[in-house]
Amino acid sequence: MMNEIDDKKFEDELMAQAQKLSASVMPERDLWPDIERTITASTKRGRSAWNTVWAQAAAVILLVGGSSGLTYLTMSDSEDATVPGIAETPVLVFEQASADFGSQYTLGPDYQDARHGLATQLDERLASLSPEARAEVVANMETIREAIDDINRALTEEPDNVLLQELLIDTYRDELSIMMQVDEIMGAAMRRGDI
Amino acid sequence: MQAALPANTGTSEVVVVALEADTAAAELRWVRKAQEADSSAFEKLYRAHIGRVYGLCLRMTGNPSEAEDCAQEAFIQAWNKLDKFRGDSAFGTWLHRVAVNVVLGRMRKSKREQDRIRAVSDVAPVRQTVADDGELRDLEQAINELPSGARHVFVLNAVYGYSHGETGSMLGIAEGTSKAQLSRARRLLVQQLESGHDERD
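Line by line, the protein sequences are chains C and L.
What the first sequence shows, in the working numbering, is residues 1 to 195, in sequence order.
What the second sequence shows, in the working numbering, is residues 1001 to 1201, in sequence order.
The set of hints was computed from the structure by calculation and includes no laboratory data.
Since no wrong hints were added, every one of them can be taken at face value.
Simulated coverage check for chain L against chain C, where a stretch passes if three residues somewhere in it have a Cβ under 8 Å from a Cβ of chain C:
1) 1030-1044
2) 1047-1058
3) 1065-1073
4) 1134-1147
5) 1151-1165
6) 1184-1193
No farther apart than 35 Å at their CA atoms in a straight line, the calculated lysine-lysine pairs in the DSBU-like style are these:
7) L:Lys1179 <-> C:Lys9
8) C:Lys20 <-> L:Lys1084
9) L:Lys1179 <-> C:Lys8
10) C:Lys20 <-> L:Lys1179
11) C:Lys20 <-> L:Lys1081
As the structure is a computational prediction, the values presented were derived from the model and not from experiment.
Every residue, glycine too, gets a C-beta built ideally from N, C-alpha and C.
Just chain C, same shape as in the assembly (with noise of 0.2 Å):
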């Protein structure tokens, strides 16, 4: 019993000793030179990886404008074949901020309107290609818009997720380049039916 009553006695004087213990001990070198070479470091990579985005989207841009092009070629009058000045090619801006395309920014307008327009004529140039072309476009269509759809949906979750964002610009890179090759294989075939 008595040693019991010493032990606990013992134990509580080993209690108010551990709180004599310094919470604050320096270590034998200053770590801060290796933490901030480290971070800098970091933060240049991340600001890199955030500018190949940019200059995905970029790419985008260019793509479509390239694709806008060759369909105002394409749907205009042939007899005015010639190519649209640089200030005629529609001008896609992306936008920031808006739930559609991630948090950190959406395809503009004219985008949209320019792929709508694609898309439209995709569906009308679908019934002049053979079955089996046509098969194999509308496969890898489907294929490419539900990716779309399961990255977006993926976004409204997380929606500042750089992978994802990057992956959707991807995807939608590759549904505008079959969009185009569809546009560029039916507009070559008319002017030659032209000539």
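Once you have looked at the hints, place chain L on chain C.
Relative to the frame of chain C, chain L by itself:
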């Protein structure tokens, strides 16, 4: 302002409270700047907290070199996660949580903890933690020789003053487990210190 304070509040206590408020306000400003990628503001946070973060890592790992790595990693992770700090707790508490996670993560990943326990008898007392007082020096050494579970709880609860709820949350254990580990730590420390005294006698 002073009229609102309890009657026995002395001027020095008012000054301390004011200083603490200033420090907290300054710290919040540094945090906000650091959240905007201002590394010089983050350096101020590092200077203000490195002692407690390193001390915690040192006592949890029992190894100065490992503690330096952990403290460094903790600050790097804190920088990367700063946008997640919303100010619900003090920045120092949040930083301690990051440091504890770093220590536990490193221990899980490697066998160093086992190596440390095996080698502990060969390791010299941790010089930086040793107080001038002989009894405190003995206590530091005894803490260092505790099994990791009991040591982590003892360090967070008894040395750094976290409640069992906070300690359990930091270590990912139940509050009851934290209490049990503290009790075990106290018992083991008493045994170690008593045997040390007996040997000297």
